[in-house]
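If you want the building blocks of each chain, they are given just below.
Protein chains: 2
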Amino acid sequence: MTTEKLVIDIKGWLKEAADFIRSSLSSELSVSQKSGRTDLVTNIDEETQSLLIKRIKENYPDDQILAEEKGYDSLDSLSGRVWIIDPIDGTMNFVMEQENFCIMIAVFEEGIGKLGFIYDVMKDELYWGGKSLGVFLGDQQLTKPKDLGLAEGLLGMNAYMFGENIHSAREIGHASMGVRVSGCAGIELIEMLKGNHIGYISNLSPWDYAAGLVLLEEFDFTYSNIKGTALAFSGREYFLAAAPKAYQEIQARFLMNE
Amino acid sequence: MTTEKLVIDIKGWLKEAADFIRSSLSSELSVSQKSGRTDLVTNIDEETQSLLIKRIKENYPDDQILAEEKGYDSLDSLSGRVWIIDPIDGTMNFVMEQENFCIMIAVFEEGIGKLGFIYDVMKDELYWGGKSLGVFLGDQQLTKPKDLGLAEGLLGMNAYMFGENIHSAREIGHASMGVRVSGCAGIELIEMLKGNHIGYISNLSPWDYAAGLVLLEEFDFTYSNIKGTALAFSGREYFLAAAPKAYQEIQARFLMNE
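From first to last, the protein sequence lines are chains A and B. Take 7 as the starting number for the first sequence in the numbering used here and just add one per residue. Take 7 as the starting number for the second sequence in the numbering used here and just add one per residue.
Hints are supplied without guarantee of correctness; some may be wrong.
As the list claims (entries may be wrong) - Computed list of chain B residues with no C-beta within reach of chain A, every gap over 10 Å:
1. Glu10
2. Ser32
3. Glu103
4. Gly155
5. Leu160
6. Gly169
7. Ser188
8. Tyr229
9. Gln254
Unchecked claim - Distance condition first, Cα-Cα at most 27 Å in a straight line; then the derived DSS-like pairs of lysine-lysine:
10. A/Lys17 <-> A/Lys60
11. A/Lys76 <-> A/Lys21
12. B/Lys152 <-> A/Lys40
13. B/Lys150 <-> A/Lys200
14. B/Lys137 <-> B/Lys60
15. A/Lys129 <-> B/Lys21
16. A/Lys200 <-> A/Lys76
17. A/Lys11 <-> A/Lys60
18. B/Lys152 <-> A/Lys129
19. B/Lys17 <-> A/Lys129
20. B/Lys129 <-> A/Lys17
21. B/Lys152 <-> A/Lys152
22. A/Lys21 <-> B/Lys137
To be verified - Every beta carbon over 12 Å from chain B, so not counted as near; a handful from chain A, in silico:
23. Ile14
24. Ser38
25. Glu116
26. His180
Simulated from the structure, these hints should not be mistaken for lab results. Virtual Cβ for every residue (Gly too), placed ideally from N, Cα, C.
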C-alpha cells in the first residue's frame with residue numbers, strides 16, 4: 007500500500023517538476039559556479055529542489071532528505087526512510103543544450119534502496135522501478151540486459167577520468183567497444199538499463215547514483231566504488247557499475263593499477 | 007526546379023531507407039569487422055547503401071557516387087554532380103544501441119556543396135538544407151547559433167583523439183566547458199547545428215562530413231583539417247569544425263603543438 011502511494015506521489019511530483027523546468031527554458035537562466043568553472047548551478051536547480059522538498063515535507067514529514075543543492079547535501083545516517091534527490095542531474099547540459107538532463111529521486115529505507123526514478127525531462131521518458139518490482143519505462147516493463155564482458159560493449163565514462171587515465175580509466179575504455187560521454191549520470195544509467203552500454207565509470211555523489219542503484223540492482227548489475235567496496239552515500243567517490251562480467255574485468259584492472 | 011526535385015527525391019529515399027533499417031532491428035544482424043575490432047559493418051549498412059545507390063542510378067544516371075561501403079569509397083575527382091553517402095553513420099551505435107545513428111546524404115556540384123541531409127533514424131529527425139536555402143529540422147527553419155569561444159561551450163570529440171591527446175585534443179577538450187562523445191559524426195554535427203555544441207574534433211572520411219559541411223556552411227561555422235587547410239574528400243583526415251571564435255582558438259592550439 008505504502009509503496010503504491012509513494013509511486014503515485016513521486017510520479018505526480020516529477021510531472022510537476024518537469025513542467026516547471028520546461029516552462030523555465032524560455033526565460034533567462036541565473037547560472038552560478040560551485041566548485042569551479044565547469045561545475046554549475048542555476049536558479050532552476052534550486053527551485054526544482056525546493057518544490058520537491060516541499061512536496062515530501064507536506065506528505066512525509068518524518069522522512070530524511072539528502073539532495074544536491076544547499077542545505078541538504080549531507081546526512082549523519084541513512085536511518086529511517088530517506089529521500090535522495092538530484093533536481094537536475096546534468097546541469098551543464100541543461101544550461102548548454104537545454105536537453106540531456108534528468109530529475110532523479112530515490113527512496114531508501116534503513117539504508118536499503120526501495121524505489122528509484124530517473125526522468126529524462128526533454129525526452130519525457132521516465133525510467134523507474136523498485137526492489138522486487140522490476141524496472142519500467144513509463145508503463146512498460148523492461149527486460150534484463152545480457153551479461154557481457156568489457157570487450158563486448160560500450161562504456162559510459164566521465165571525460166576527465168578517461169582523459170587523464172585516472173585509475174586506468176583510459177586503458178579500460180580502450181579495452182571496451184567504445185567510450186561514450188553524455189555529461190549526465192542519469193542518462194548513462196538509463197543506457198545501462200536499456201542494454202545499450204555495459205557499464206559506467208565516473209566520479210559521483212549520492213544523488214547521482216542513488217536512484218540508479220535501485221534499478222541496476224533489479225537487473226543484477228554490479229556496483230561499488232573503485233576499491234570494490236560499498237558506496238558511502240556521502241561525498242564524491244569514484245564509481246563503477248557494470249554487467250557482472252564486465253565489472254569483474256574492470257575491477258581487476260583498477261586493482262592491478264593501484 | 008532541379009533543387010526542388012532533388013530535395014523531394016532525397017526525402018522520399020531517406021524515408022524508404024529508414025523504414026528498411028527500422029524493420030531490420032527485429033532480425034539478427036550480420037556483423038563483420040573492417041579495419042579492426044571496433045570498426046564494424048553490417049549487412050544493413052550494405053543493403054541500405056545499395057538501396058540508395060539504386061535510387062540515384064534510376065533517377066540521376068550520369069552522376070558520380072562516393073559512399074562508405076565497398077565499391078564506392080573513392081573517386082578520382084568531384085567533377086559534375088556527386089552524391090556522397092553514409093548509409094549508416096555510427097554503425098557501432100546501430101549494433102550496440104539500436105539508436106544514435108544517422109543516414110547522411112550530400113549533393114555536391116563541381117566540388118561545391120549544394121544539399122545536405124542528416125537523418126537521425128530512431129528519433130525520426132531530419133536535419134537538412136542547402137546552399138542559400140538555410141537549415142531545417144523537418145519543416146522548421148533553424149536559427150544560426152551564437153558565435154562562442156572555446157571556453158564557452160561543449161565540444162564533441164572523438165574518444166581516441168581525446169584519450170591519447172592526439173594533436174593536443176585532450177588539452178583542447180579540458181579548455182572547453184566539457185567534452186561529449188556520441189560515437190556518431192552525424193549526431194555531433196546536429197549538436198552544432200542546434201547550438202548545443204560549439205565544435206567537433208574527429209578523424210573522418212568524406213561521407214562522415216560531406217552532408218554536415220553543407221549545413222555548417224549555411225550557419226557560418228568554420229571547418230578544415232587540423233592543419234587548417236581544405237578537407238580532401240578522400241581518405242580519413244583529422245577534422246575540425248567549430249564556431250568561428252572557437253575555431254580560431256582551437257586551430258591556434260593545434261599549430262602550437264605541431
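Kindly indicate which numbered hints from before are broken by the structure, ordering the numbers from low to high.
-> Structure breaks hints 3, 5, 6, 7, 13, 16, 21, 22 and 26.
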